[in-house]
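Those protein sequences? They're chains W and R, same order as listed. FYI, this note's numbering numbers position 64 of the first sequence as 64, with every residue one higher than the one before it. All you need for this note's numbering is the position in the second sequence, starting with 1, plus 1000.
Derived by calculation from the structure, the hints in this document are not laboratory data. Here the structure is a predicted model, which means the values were calculated and not measured. Ideal placement from N, C-alpha and C gives every residue a C-beta, glycine not left out. It is possible that some hints are incorrect.
Said to hold, decoys possible - Okay, the calculated beta carbon distance ranges per label pair:
1. D30(W) <-> S1041(R): 39 to 47 angstroms
2. S1074(R) <-> D63(W): 40 to 48 angstroms
3. Y1013(R) <-> R64(W): 20 to 28 angstroms
4. G1105(R) <-> P81(W): 27 to 35 angstroms
5. G28(W) <-> N1030(R): 21 to 29 angstroms
6. Q80(W) <-> K1113(R): 41 to 49 angstroms
7. I1008(R) <-> G28(W): 33 to 41 angstroms
8. R1093(R) <-> P70(W): 36 to 44 angstroms
As a plain string of letters, each chain reads:
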Amino acid sequence: DAGVIQSPRHEVTEMGQEVTLRCKPISGHDYLFWYRQTMMRGLELLIYFNNNVPIDDSGMPEDRFSAKMPNASFSTLKIQPSEPRDSAVYFCASSFSMSPLHFGNGTRLTVT
Amino acid sequence: LAKTTQPISMDSYEGQEVNITCSHNNIATNDYITWYQQFPSQGPRFIIQGYKTKVTNEVASLFIPADRKSSTLSLPRVSLSDTAVYYCLVGDRGYGGSQGNLIFGKGTKLSVKP
Chain W
1 DAGVIQSPRH EVTEMGQEVT LRCKPISGHD YLFWYRQTMM RGLELLIYFN NNVPIDDSGM
61 PEDRFSAKMP NASFSTLKIQ PSEPRDSAVY FCASSFSMSP LHFGNGTRLT VT
Chain R
1001 LAKTTQPISM DSYEGQEVNI TCSHNNIATN DYITWYQQFP SQGPRFIIQG YKTKVTNEVA
1061 SLFIPADRKS STLSLPRVSL SDTAVYYCLV GDRGYGGSQG NLIFGKGTKL SVKP
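Kindly produce the complete structure, drawing on both the sequences and the hints.
Listed below in structure tokens is the structure:
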């Protein structure tokens, strides 16, 4: 089992550019979660999916953020346009039914 | 949503037993208590989950008193590699309810010294 795979591990971009973060959940898992972690705010739940359908996106900070899950093995989190305050580590996690979450190693985003 | 309170940080030495207590005064009947561990530059990792009394696995023990208003994560004989942030989450096991099991607070930063 390769675990949850996120790419890229690091992303540096300039303000105003579009950023796309990618996640491959563990095969067979039916839930997928996107989190953001900063020193100030800790780990924040942004959105989660069940069977590829978004269930709760109330944590998405604003319209610049969007997430999709076109199939059971792939999800994206897009920021357009990016801003310096979006700099954070973004984590993807997956789980099967009500089991605990399995996290990826995150994408460290820096927006200059 | 059951609010959790944990110490911000703790220090320990190698070989000692470490106990991290989490308060959750308004825990609901259906809520479980789940602990995660996060090392630097990694995502959180599930450690242990329990509902009442005591749960033990190869990594840790979880003690939950009868009133369930608190819980204690016990790490036996810690080593330097146990230096990490430990999160206590409280919520029902499904994701459609309170979502307490999806809400990570600031956690407890454990520093183990030689």
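To see whether the hints hold, each was checked on the structure:
1. Distance hint check for D30(W) and S1041(R): the Cβ-Cβ separation is about 28 angstroms, which falls outside the suggested range of 39 to 47 angstroms.
2. Here the CB-CB span from S1074(R) to D63(W) is close to 45 angstroms, well matched to the stated 40 to 48 angstroms.
3. At roughly 46 angstroms, the beta-carbon separation of Y1013(R) and R64(W) lies outside the given 20 to 28 angstroms, and the hint is violated.
4. Roughly 31 angstroms separates the CB atoms of G1105(R) and P81(W), a value that falls within the hinted 27 to 35 angstroms.
5. The hinted window of 21 to 29 angstroms between G28(W) and N1030(R) holds, with their beta carbons roughly 26 angstroms apart.
6. Our hint of 41 to 49 angstroms for Q80(W) and K1113(R) holds, since their Cβ atoms are close to 45 angstroms apart.
7. For the pair I1008(R) and G28(W), the supplied restraint of 33 to 41 angstroms holds, since their beta-carbon distance comes to about 37 angstroms.
8. The beta-carbon spacing between R1093(R) and P70(W), approximately 28 angstroms, falls outside the hinted interval of 36 to 44 angstroms.
Taken one by one, the earlier hints fail for this structure at numbers 1, 3, 8, listed in ascending order.
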